[in-house]
Amino acid sequence: MTAFPCKLAVLVALVLSTGAAVAPARAQSAVADGQKLAFDRGKGNCLTCHVIKGGDLPGTIGPELKDLKAKYPDRNELTAIIFDETKRNPQTMMPPFGRNRILTEQEISAIVDFLQTL
Amino acid sequence: MKTRSALLLGSLSAALVAFALTSPRVVAADKVDPVADAKAFQNFFFQKFPDVKHEDFVNGPYSMNADMKRQWQEKEEFPPYEFALDAGKEMFATPFKNGKTYADCFPNGGVGIRQNYPYFDEKEGKVVTLELALNRCREANGEAPYSYVKDEMASLTAYMAFTSRGKPMDIKIPDDPRALAAFENGKRYFYTRRGQMNFSCASCHVQSPGERIRAEVLAPALGILNAMPIYRSEWSGMGTTSRRFVTCNSQTRAVPLEPQSDEYRDVEYFLSYVANGLPISGPGARP
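Residue numbers (the numbering used here), protein chains in the order written: chain A, 1 to 118; chain X, 1 to 287.
Each hint should be verified, as a subset may be incorrect.
Computed list of lysine-lysine pairs in DSS-like fashion (alpha-carbon distance at most 30 Å, straight line) [as the list claims (entries may be wrong)]:
id, chain 1, residue 1, chain 2, residue 2
1, X, K69, A, K53
2, A, K66, X, K48
3, X, K126, X, K31
Hints were generated in silico from the structure; no laboratory data involved.
All values reported here derive from a predicted model rather than from experimental measurement.
Construct all of the structure, not just a fragment, from the sequences and the given hints.
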């Protein structure tokens, strides 16, 4: 808890110092990181339940992940679903990735970046 | 001690009566009713899968998927549990050092009795599973107990299940508040979410049977124990009901209990009771 603001401050400083010119490259690497996390069996492991373009052997429990930017224009909504979907739907199978610390907030953010490209 | 518990029981029942008089609806809903539970449980699956023959649920994922079923039926000509089955048959017939055998510990010489396990032992006040009874038999005859999860235990139960194939599961719940409490405790465990993934047993096996997780098809909870023990390709070997419970817990990042702990025994009691009437199909083979 105490480490987090520190990390954030470092991150903010880093972003400010590197400037706006490298922003698209950073965004791209966040998308790539997000995809990696989403497909990683020990992390998001989203393919266990969802069909995702570019992923092998998807499961069928959840809906296919596509057109997510149209479905959820507000990225906070996607973030909230990944963080703890039981808040919206107590019956959901979806693990509360944020609440149960399966993923960090940064990892969830990268996954949201990736999901918005689908 | 006796008078104290009698007093306690008396005041408890007085309180219950008072409670019943003030809100009879709530009390009725809270009453443990295994008969109604089993009926509702079975009807849920029968209605969710109207095309699956009732006796087919005991074949787990194969009852949910025609392609998998075909592949499995071909494999059954040379089943992967055959080695364990042969070993179990031999072990069962081999006397202990004291000259007695497993047959001496069980009704009907241990043949064709799988469908009666687990049972509630009124003397002990607890659920007794087949694995537990087998190890107690060994220890009573001066032999060391086996691991509850695989190897010899799986071989022995494979043989005992095989001699019981086709017999309808026939679990009894005696009119004993402790037996009802064990059933209720197993039911509670089954429906409670736990672990980092926040799954209950029911999340996968009631809410999602027939669905795929990656390439695997989730088995229906109805009759899931009738096929035990099983050869799992994923394990490259045989496993008992205990092994299945432990791995289910760890795969969902929950803390597994000790094999044959009271709570696992209660879960087995609940799951077996609600499968009453469905045939024993073990030993089984699963991906």
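- Sort out which numbered hints this structure fails and list those numbers smallest first. Checked against the structure, no hint fails, so every one of them is satisfied.
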